[in-house]
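Student: Line by line, the protein sequences are chains G and E. Be aware that the first sequence starts at -8, since it is given in the working numbering, and climbs by one per residue. Be aware that the second sequence starts at 51, since it is given in the working numbering, and climbs by one per residue.
If you're looking for bench data, these hints aren't it; they were derived computationally from the structure. Be a bit skeptical, because a hint or two may be false.
Here are the simulated BS3-like pairs of lysine-lysine, each with C-alpha atoms no more than 25 Å apart in a straight line [to be verified]: (1) Lys79/G to Lys590/E; (2) Lys54/E to Lys134/G; (3) Lys425/E to Lys12/G; (4) Lys134/G to Lys590/E; (5) Lys54/E to Lys162/G; (6) Lys568/E to Lys12/G; (7) Lys596/E to Lys606/E; (8) Lys12/G to Lys54/E; (9) Lys568/E to Lys429/E; (10) Lys302/E to Lys57/G; (11) Lys134/G to Lys596/E; (12) Lys596/E to Lys551/E; (13) Lys429/E to Lys590/E; (14) Lys162/G to Lys134/G; (15) Lys600/E to Lys582/E; (16) Lys596/E to Lys568/E; (17) Lys353/E to Lys363/E; (18) Lys162/G to Lys53/E; (19) Lys168/G to Lys590/E; (20) Lys363/E to Lys57/G.
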Amino acid sequence: MTEYNILICGVGGQGTVLASKIIAAAAMECGYTVHSAETIGMAQRGGPVTSHVRIGDEAYSPLIAKGGADIILAFEPGEGIRDLPYLKDGGMMLVSEKSVMPVTEALMPSGYVGGEAVKYLSGLRNVHIARTAAVEERFGSMKFLNITMLGALSASGALPIDREVLLSVMKRSVPEKFLKVNTEAFELGETLYSE
Amino acid sequence: MSKKYLMGNAALAHGALKAGVALAAGYPGTPSSEIIETISKNRTKGTYVEWSVNEKAAMEVAAAASYSGARALVTMKQMGLNVASDPLMCMAYVGAKGGMVVVSADDPGPISSQTEQDTRRFASFARIPVFDPSSPEELYEMVQDAFDYSEKYKTPVILRPTTRVCHAYAAVECEEPATPIRGEGFVKDSSKWVIFPRLSYANHAMIEDRNVHMAEDFSSYRFNCTYGDCTDTKKAVIASGVSVAYAREYLKDHPGVRLIKIGTPFPFPERFVLESLEGVEEVLCYEELSPFIEDSLLALIGKHGLKIRVRGKYDCTVPHAGENSAESAARIIGAFAGFSESGRADNTADAPRPPVRPPVLCAGCPHRASFYAVKRAMKGKKSYFCGDIGCYTLGNAMPLDMVDTCLCMGAGITMAQGFNHMDPEAKCFAFAGDSTFFASGITGVVNAVYNGADMTVIILDNSTTAMTGHQPHPGTGFNLMSGPVDAVSIPRVLEAIGLTKVMTVDPLDLNASVAAVKECADLPGVKAIIFKSPCIAITKPSGKMKINDKCIGCKKCIREIGCPAISVHEGNVVIDEGLCTGCGLCAQICPVKSIEEVRR
């Protein structure tokens, strides 16, 4: 493996940054050279956010080129479509089925509910839809979606990082009082992928 | 020594600590804000750090440290250097004693700035050196080099990372902070430290002579280097900053073209560039913002009568505006090098369009209530609403539509006066945040009183510098060194300036706010309302609002204030519990009192 690129996308507030930090730290623990970049600044709560994680000695630039992502981890179907041009031929997208409506929806109705996006994505052969409605059923909110998606990604086997390494870095990265529920979220993610 | 996974700005901060920085000062501004924060968290005894009131103050505080022989760091974004340009231009003539590094972070894109200005131009304008890092790892080392060069040549030095370098993360080998270098203390010598025309004349000649030596010195500097083992090539790409990373990655898979990296754009390392161009007939200047390297290269080629064709921004090979990217490197360098880039087929042509998610004021943001109160009070009256720099620039969005102008830090207060002089019949308002007021608003208020303007100053006081990540300021009552300090009182400052009326109102009390605006607007002279309510990102929500069955579905709450927590779900107006902070503005608007508070 000379280079491996992971793009994480979603909506501000979904916890993409923590997911990217965990993947980067786990990759470093596996001995890889890692670079990453986050959306920072005006993109506040509710805006599209993207994290780029690049593994490899010759990955100099902080950003993944279009057509260069081995994995896209999409926390929201519309955002998955927005960043689809980044997916490499033969790469894999893992996308959460639960949509997040734009915060301006009431004011400027777009009619977006995510159904069309999920339908489109499920027609692509390298896209895996994670049935994340289970997250809300299990935890009462979508708060632990990021760690659930991480578990699903781990179960996919697409990541060049051992499950145990990823899990232990995750446990170090979340607040003590949420350790148990995040571990459950990770495990839920694993079952969601195998479904 | 330990390996730390750091953001570029943090790498810069750790590098400065390793270099023994004794004083660090700055004003927040994306993408530079994390530098001071990281120094503050990791400093050792003997390093002084402050958020200054603005960039000019930071530069002057640091200048005195440098005059004393101490190592000093100043940080800001590129717009901040405009504010600090007065002391910088003068200090360029006077010179430095302790190492003085001025960090001015550029923002190609622009991603979160008003301009796409190029700090390298400021360096050549001031005739002082500039370092241009291409990665976080390099930032860690370059800031240390910058201190050394500053002391070697007795001049302030600019370090200009760009957003993609500031906000990139990398594993950096970090050494422990060095003992801060505080120097021997200030040694009085008025022939040296007091700027006069005679001194400036003498030093001007010295500086130009020095820059020739420095260019020669830089020609051996390790971050001016070439990549690609291609001695017989006739083509070269010359690049700086993050563009080097894009070009390097493209050329790694497409060898045959030499890549020349410029780590010090000014003074231009002429000997290094001449040697690197040996045998080259055509050069592509691949850089962001202005054609700075291109200009320097054209001058060099003319000076030496070389026959080399220069491609870049002047022949429209590289765009003038916006940032470079891996895609632009492939397209532009590919075409230059003669590789046929088929380009990727668009694989999303038939995909449904992703939703538009524009930035909006947060649910519960007190600025929404302040704007709405002024809007309601001024309904039907001819009014001008001058905005400013901060989260509250978003007051321009529908349905509030309350920002008619936004120019630069502090401009709203003075522009409102200009509108008043041109159109005395209209009511003129200026909106300024608390941090902006301290940074560059106060002099504008003095100007208004002195020149007899008729206007209302609205201070949106949320007790923090919100947009750049909640830094403290003079009104917050704490600083980076000693914790709690006396807060500077905005109303007392305004009263001392001599305003007709100064009122402090809670913007979440709609009736009181509307009444205050009406009262002030009707009075002559300069008036001020301080809308005081903390930023929701730094306070616990007071409660939640919910809609009861009295709702008639008129959607007035949505139409009037556009709060992101209120939406229509299956035909019913609902409030998103996860977003609502219980500010209660919507409840004060509802015509049938159908919105009530749920106490936690």
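Student: Now tell me if each hint is right for this structure.
Tutor: Verification of the supplied hints:
1. Lys79/G to Lys590/E: Judged against 25 Å, a Cα distance of about 43 Å means the pair is violated.
2. Lys54/E to Lys134/G: Judged against 25 Å, a Cα distance of about 29 Å means the pair is violated.
3. Lys425/E to Lys12/G: 43 Å, violated
4. Lys134/G to Lys590/E: 18 Å, holds
5. Lys54/E to Lys162/G: With a Cα-Cα distance of about 19 Å, the restraint between Lys54/E and Lys162/G holds, given a limit of 25 Å.
6. Lys568/E to Lys12/G: 50 Å, violated
7. Lys596/E to Lys606/E: Given pair Lys596/E, Lys606/E holds - Cα atoms ~15 Å apart, limit 25 Å.
8. Lys12/G to Lys54/E: 13 Å, holds
9. Lys568/E to Lys429/E: Distance ~10 Å between Lys568/E and Lys429/E Cα, so the pair holds.
10. Lys302/E to Lys57/G: 17 Å, holds
11. Lys134/G to Lys596/E: 21 Å, holds
12. Lys596/E to Lys551/E: 38 Å, violated
13. Lys429/E to Lys590/E: 33 Å, violated
14. Lys162/G to Lys134/G: 16 Å, holds
15. Lys600/E to Lys582/E: 32 Å, violated
16. Lys596/E to Lys568/E: Since the Cα atoms of Lys596/E and Lys568/E sit roughly 30 Å apart, the hinted pair is violated (cutoff 25 Å).
17. Lys353/E to Lys363/E: Roughly 21 Å separates the two Cα atoms, so the pair holds.
18. Lys162/G to Lys53/E: 21 Å, holds
19. Lys168/G to Lys590/E: 19 Å, holds
20. Lys363/E to Lys57/G: This hinted pair holds, its Cα atoms lying about 24 Å apart.
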